[in-house]
Every structure is written in structure tokens, then in C-alpha cells.
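K.L.:
What follows is each chain in one-letter form.
2 protein chains.
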Amino acid sequence: MFRPEIKVIDCTVRDGGLMNKWQFDDDFVREVYHALTEAGVDYMEIGYLSSEKSFSRDEVGPWKFCAEADLQRIIGKSEKKIKFSAMADIGRIDYDDILPKAESSLDMIRVACYAHQVDAAIDLAHHCMDKGYETTINLMAVSTVGIRELDEALSDLAKSRVPVIYLVDSFGGFYQEDIETLAKKYMEALPGKTIGIHAHNNQQLAFANTITSIIAGINYLDATLYGIGRGAGNCPIELLLSFLKNPKFKVRPLIQVIEKQILPWRKKIDWGYFIPYMVTGVLNQHPRSAMAIMESDKQDEITAFYDAAVNATELG
Amino acid sequence: MFRPEIKVIDCTVRDGGLMNKWQFDDDFVREVYHALTEAGVDYMEIGYLSSEKSFSRDEVGPWKFCAEADLQRIIGKSEKKIKFSAMADIGRIDYDDILPKAESSLDMIRVACYAHQVDAAIDLAHHCMDKGYETTINLMAVSTVGIRELDEALSDLAKSRVPVIYLVDSFGGFYQEDIETLAKKYMEALPGKTIGIHAHNNQQLAFANTITSIIAGINYLDATLYGIGRGAGNCPIELLLSFLKNPKFKVRPLIQVIEKQILPWRKKIDWGYFIPYMVTGVLNQHPRSAMAIMESDKQDEITAFYDAAVNATELG
Chain A
1 MFRPEIKVID CTVRDGGLMN KWQFDDDFVR EVYHALTEAG VDYMEIGYLS SEKSFSRDEV
61 GPWKFCAEAD LQRIIGKSEK KIKFSAMADI GRIDYDDILP KAESSLDMIR VACYAHQVDA
121 AIDLAHHCMD KGYETTINLM AVSTVGIREL DEALSDLAKS RVPVIYLVDS FGGFYQEDIE
181 TLAKKYMEAL PGKTIGIHAH NNQQLAFANT ITSIIAGINY LDATLYGIGR GAGNCPIELL
241 LSFLKNPKFK VRPLIQVIEK QILPWRKKID WGYFIPYMVT GVLNQHPRSA MAIMESDKQD
301 EITAFYDAAV NATELG
Chain B
1 MFRPEIKVID CTVRDGGLMN KWQFDDDFVR EVYHALTEAG VDYMEIGYLS SEKSFSRDEV
61 GPWKFCAEAD LQRIIGKSEK KIKFSAMADI GRIDYDDILP KAESSLDMIR VACYAHQVDA
121 AIDLAHHCMD KGYETTINLM AVSTVGIREL DEALSDLAKS RVPVIYLVDS FGGFYQEDIE
181 TLAKKYMEAL PGKTIGIHAH NNQQLAFANT ITSIIAGINY LDATLYGIGR GAGNCPIELL
241 LSFLKNPKFK VRPLIQVIEK QILPWRKKID WGYFIPYMVT GVLNQHPRSA MAIMESDKQD
301 EITAFYDAAV NATELG
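Residue numbers (this note's numbering), protein chains in the order written: chain A, 1 to 316; chain B, 1 to 316.
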């Protein structure tokens with residue numbers, strides 16, 4: 001599927017860091033940076049943009065902040081050919097903390113928000129645009145948003161200057177038909193804007209839903225190395241680039257960095273297809289209960305987990 | 001997706017056994033049998049039908065043969081409500097070894113064959129039908145069969161009395177669009193017949209491709225508990241039943257038996273998404289090289305594996 005408008009955004013460090021509080025050392029981040037560059041990936045989302053007042057560096061590492069000095073340490077003497085992205089959560093960043101683009105190695109700032117925060121997200125995104133950055137708004141957890149509220153959020157986004165809006169399957173609960181329906185809705189409601197997809201893999205559908213998105217006309221595609229990411233993880237970038245068959249993409253550097261840097265983490269933390277994540281995906285629930293059991297010594301007690309999750313849904 | 005014609009065939013013991021030479025003890029098989037029954041699954045494929053002359057019981061266990069005494073040991077005093085299926089490979093079974101249906105607990109015999117074996121497969125399938133069994137033909141590895149050869153095989157199958165023909169993605173190399181194209185082709189070439197799907201998970205698409213098959217009108221759906229099966233494994237049955245939403249299906253018994261019987265095997269053998277399986281899937285190769293490296297102490301040397309696999313494809 002060759003389409004020049006398609007951009008691939010690797011979220012390995014940002015979304016993968018949700019699983020280990022960004023305890024990636026500089027070698028990890030540097031090798032991911034070089035591998036993604038060599039593979040022809042368009043963007044590397046290297047972390048979050050947060051105020052140093054909101055979190056402690058000791059606890060969450062440098063990639064919760066993406067300070068310019070941290071970025072420079074990774075770039076080193078290399079010629080930076082890949083674009084850097086960082087994600088900003090509403091309420092965790094002061095506007096004044098965002099450097100003018102001329103003083104930053106970041107190229108894009110993605111604003112993540114829930115439907116009820118859309119106005120605040122547009123305000124922050126406009127601020128980023130005015131400072132010179134590419135900008136997206138990533139509307140999270142739409143699987144739990146009512147139709148009227150979603151229509152209102154999309155209508156507000158349509159009136160904004162933000163050029164890229166993301167369809168986000170936060171809970172990994174969508175089937176391909178849901179993606180088709182929502183992609184159509186987003187494109188109709190947001191004329192002239194580019195749509196992105198960020199999928200989670202609770203039902204082993206992150207890659208399939210990304211393919212469905214591409215066919216539906218979505219052009220910004222999120223993925224991570226070996227699918228690393230919160231809970232069940234994301235669309236594996238090695239699968240996505242193999243599918244895209246654009247000659248600018250190379251798969252081998254991805255395999256190499258998976259061998260060197262990702263497989264060692266795979267032995268330490270469990271992302272991917274596990275029954276607790278599958279259950280919250282099927283039930284359209286936030287994965288927090290699944291992450292809690294996966295981090296406990298009860299991760300194999302899946303029937304008790306299933307019963308509790310079903311009860312939680314039935315009790316509403 | 002509720003459609004009364006849909007039948008789910010669990011292949012846990014048969015396809016899963018390819019990973020451990022059917023070293024499942026009777027408790028395993030019995031608990032799977034009861035769980036599938038309780039879950040409302042239509043068929044349990046309990047193993048292969050082979051001649052005792054072709055293999056040694058010590059090496060491959062009872063489920064390579066599915067002798068009536070083996071089946072009776074599993075059924076015990078229970079009222080058998082699920083149908084039993086066994087797979088027969090061309091050339092590994094003598095016609096005389098197949099009992100008349102009246103003397104057997106098997107309900108269905110599925111004949112697996114390659115395109116060049118279609119005539120022999122039809123002959124064996126007709127023999128099984130004449131003995132009183134439900135019968136399917138599972139045409140394997142179609143991703144490597146030329147168009148003319150495939151058309152010829154489908155034309156022969158159309159003329160046969162065999163009522164169910166399977167589309168089999170042996171190498172896990174198909175994308176949803178391939179499934180759509182082939183499902184359409186099979187249905188046009190095989191008027192009046194039912195089509196089945198057997199998917200492999202090399203690219204994390206087994207479940208997605210099964211959904212695509214359902215939407216395309218395919219009605220016989222293969223799946224296994226937690227996706228256990230050769231190499232990357234199959235479509236996970238707990239995902240499939242959650243999707244189908246037919247009130248006759250229950251997911252909880254599947255979760256229970258996964259906890260009790262499948263998770264312990266998960267710690268001993270590696271099926272699922274691993275880079276070597278992904279590589280053979282993307283390259284449309286038989287997974288044997290990937291299985292060899294996964295069983296060796298080099299399973300993390302994925303870059304060397306990738307290079308060798310790409311070379312093998314390029315050298316043709």
C-alpha cells in the first residue's frame with residue numbers, strides 16, 4: 001500500500017515507557033533513534049512534554065520531560081533526519097515551559113485529551129502551532145464517548161487550526177468495522193484535515209485496525225517496536241513497514257534494534273496478548289485493572305479476573 | 001455477528017499438538033473437551049487420523065491416531081454434546097483403518113491436502129462420506145499456488161460431493177484483502193458449498209482474517225485456545241467467541257481451561273508472535289526454519305535469521 005501522504009510515527013519510547021516509567025537508558029534511546037532513522041520512519045515520539053514541577057526526574061526518567069538537553073544527548077553529532085515528536089497531556093504542562101521551535105529539537109507536539117477537554121486541547125495546540133511546531137490532537141478513549149459528545153468534539157476540532165486529528169482506540173476494544181465507521185465519521189466531520197490512528201492490541205487487532213485505517217484513508221500511523229506499549233501494546237512497526245512496501249522503508253534495522261534493545265526488555269516486562277488485557281478490551285474497559293493483576297503475583301488467576309471484570313461491567 | 005450457519009471448530013489438540021508431538025495427557029484433553037462443550041463450541045478437532053503403521057505411539061501419543069478406545073477414554077460417562085473431528089493427511093491413512101461411522105465417536109473427517117493432491121483428497125473424502133462421516137477438504141498453502149493450478153483444484157472440488165472446502169493460510173502470509181479476494185473466488189468457484197477458514201497468526205492477523213472471512217460469508221471457523229498451534233499459532237477461540245456474540249457461546253469456560261491447562265503449556269513451549277514466525281509470514285515461507293530456530297538456543301538471534309530468510313527468498 002504505497003501512498004506518499006502516509007507518515008509512520010514510532011511511539012516506542014513514549015508509549016513503551018508507560019510500562020517501565022521511562023527507565024530506558026541513553027543507549028536504548030540512541031539505538032532506537034538510529035534504527036528508526038535508518039528504517040526511514042517519519043517521526044520518533046521520544047516521550048512526554050511535562051512540567052518538571054509535575055513529576056520527579058528520579059521516578060520517571062528524562063523522557064517524561066523531553067528537555068532540550070536530553071534530546072541533544074541522543075542526537076549527539078548525528079545529522080538528525082527523523083522528526084521528533086513529544087506528547088503533551090492537558091493540565092500537566094505550563095505553556096511557558098514550551099520552547100519556541102527555533103530553540104528546540106522537537107518538530108511535533110501531540111496533544112492528548114479526552115472529549116470533555118477538547119477546548120483546552122485546541123488552545124494548547126494553537127499555542128504550540130504559534131510557537132512553530134507541527135501539531136496534532138489525539139482524542140482518547142472514544143469507545144466510551146456518546147455520539148452527541150463525539151459530534152460536538154469533532155465539530156470543535158473542525159473549527160480549529162489543528163491540521164491532524166487522531167482516532168485513538170485507547171482500550172483496544174474496536175473491531176475493523178468500528179474503525180471503518182469512525183474513520184468515515186472523522187473524515188466527514190473534519191474536512192481538509194489529516195486523520196491519524198493509534199491502536200492498542202488487546203484483541204490482537206492493532207495491526208489489522210491500522211491496515212483498515214489505511215484503506216479508509218487515514219494517513220498518520222502510530223506503531224512501536226515489537227508492539228511495546230501500555231498493556232497489550234501497540235501496532236508492531238516491523239509488521240506495519242513490511243505491509244506498506246514503500247521503498248523508503250527498511251525493515252532490517254528494526255529487527256536489529258529489536259534483537260539488541262527490545263528483547264532484553266521483553267524478558268523483564270509483559271506487554272502483548274495476555275488474557276487480562278483481552279478481557280478489558282472485549283469489555284471496553286480501561287486496562288488499569290489488567291495492568292494491576294499483570295504486575296501482581298496473581299497474573300495467572302485469569303478466571304477470577306474475568307469474573308470481577310464482567311461484574312464491574314454489569315454493575316455499570 | 002450472529003449467523004446461525006456459523007460453526008466454530010476448535011483445533012487445540014490437533015494443531016496445538018504439532019508443537020509438542022501431542023504430549024497432552026488425558027486430563028488435558030478431557031478438560032478441553034468439557035470446556036468446549038460448555039462453551040457451546042460446535043466441533044472439537046481432537047487429533048489426526050493416521051495409520052498405526054506410519055508412526056509410533058510412544059513418539060506421537062494417542063492423538064496422532066484418534067482410535068476409538070482413545071476417544072472413549074475422554075468421553076467417559078459424559079453425554080457427548082460436541083462433535084468430534086479428526087484430520088487425515090493424504091498418504092498417511094489406509095482406507096480400511098477408517099471405521100464405519102456407526103462404530104466411531106468421530107463425527108467429521110477433514111482431509112488436508114496440497115493443490116496437486118486434490119484428486120486423491122476427493123477420493124478419500126468421498127470414502128469417508130460413504131462411511132457416514134461429515135467431511136471437509138482443507139486445501140493448504142494456497143499462498144504459494146499459481147492461479148491456474150488453484151482454478152483447476154477449485155474446479156475439481158466443485159465437481160466433488162464434498163460439502164465444505166477450507167481456505168487455509170498455512171504460512172500466515174495473508175492480509176485481509178487477500179482473504180477477501182480468495183473468499184470471493186472460492187465462493188464463486190464452489191457454488192452450493194460451504195467455505196471454511198483456517199488462519200495462522202504470524203502477522204497477528206489470524207483473528208482479523210477470521211473476522212474478514214465471516215463478513216465475506218465464510219461459515220466454518222477454526223480457532224484454538226489462547227491461539228495454541230504450529231509456530232505463531234491460530235486464531236484464539238476466546239477472541240472469536242467474544243466477537244461472535246451468539247448467545248449459545250460462553251467465554252468463561254474457555255478462560256477457565258486456559259488458566260488450568262493452557263497457561264502451564266505456555267511456560268513450556270513458545271507459540272504466538274515471535275520475530276522468526278513474523279519473518280516467514282511476511283516472506284510467505286513455510287515456518288519450518290522459524291520453528292527450528294525457536295527450538296534452538298539461538299531464538300533471539302533474529303537479525304541473522306532475517307538475513308538468511310530474505311536470502312532464501314531472493315535466491316528463489
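For the record, the hints were derived by calculation from the structure and aren't laboratory data.
Among the clues, some could well be false.
Identical copies look the same in the list; a pair holds intra-copy or inter-copy alike.
Said to hold, decoys possible - Here are the computed lysine-lysine pairs in the PhoX-like style, where the Cα-Cα straight-line distance is at most 25 Å:
no.	residue 1	residue 2
1	LYS298	LYS268
2	LYS184	LYS268
3	LYS185	LYS21
4	LYS248	LYS7
5	LYS268	LYS250
6	LYS298	LYS267
7	LYS250	LYS298
8	LYS298	LYS260
9	LYS184	LYS7
10	LYS80	LYS159
11	LYS21	LYS250
12	LYS184	LYS77
13	LYS53	LYS260
14	LYS267	LYS77
15	LYS260	LYS248
16	LYS101	LYS260
K.L.:
Would you mind marking each hint as holding or not holding in the structure?
P.N.:
Going through the hints against the structure:
Within a single copy, LYS298 and LYS268 get their C-alpha atoms as close as 17 Å, and across copies as close as 19 Å, so both meet the 25 Å cut-off. Taking CA atoms no more than 25 Å apart as the test, LYS184 paired with LYS268 passes in neither setting, with 40 Å inside one copy and 45 Å between copies. Taking identical chains as interchangeable, the C-alpha atoms of LYS185 and LYS21 are never at most 25 Å apart, the minima being 35 Å within one chain and 50 Å between chains. Proximity of LYS248 and LYS7 under a CA criterion of 25 Å is satisfied intra-copy only: 11 Å inside one chain copy versus 43 Å between copies.
Taking the shortest Cα distances, LYS268 and LYS250 never come within 25 Å of each other, neither inside one copy (28 Å) nor across copies (34 Å). In this assembly of identical chains, the alpha carbons of LYS298 and LYS267 lie at most 25 Å apart whether taken from the same copy (18 Å) or from different copies (15 Å). In this assembly of identical chains, LYS250 and LYS298 lie within 25 Å of each other by CA distance solely across copies; the values are 24 Å between and 40 Å within a copy. Proximity of LYS298 to LYS260 under the C-alpha cut-off of 25 Å is restricted to the inter-copy arrangement: shortest distance 14 Å between copies versus 30 Å within a copy.
Taking CA atoms no more than 25 Å apart as the test, LYS184 paired with LYS7 passes inside one copy only; the shortest distance there is 19 Å, against 32 Å between copies. Taking the closest pair of Cα atoms, LYS80 and LYS159 never come within 25 Å of each other, the shortest separation being 34 Å inside a single copy and 62 Å across copies. In this assembly of identical chains, LYS21 and LYS250 lie within 25 Å of each other by CA distance neither inside one copy nor across copies; the values are 29 Å within and 37 Å between. Taking the closest pair of Cα atoms, LYS184 and LYS77 never come within 25 Å of each other, the shortest separation being 44 Å inside a single copy and 55 Å across copies.
Proximity of LYS53 and LYS260 under a CA criterion of 25 Å is satisfied in neither setting, with 34 Å inside one chain copy and 47 Å between copies. Taking CA atoms no more than 25 Å apart as the test, LYS267 paired with LYS77 passes in neither setting, with 32 Å inside one copy and 44 Å between copies. Taking identical chains as interchangeable, the C-alpha atoms of LYS260 and LYS248 lie at most 25 Å apart only when both belong to the same chain, with a minimum of 23 Å there against 47 Å between chains. Taking the shortest alpha-carbon separations for LYS101 and LYS260, neither the intra-copy value of 33 Å nor the inter-copy value of 56 Å comes in at or below 25 Å.
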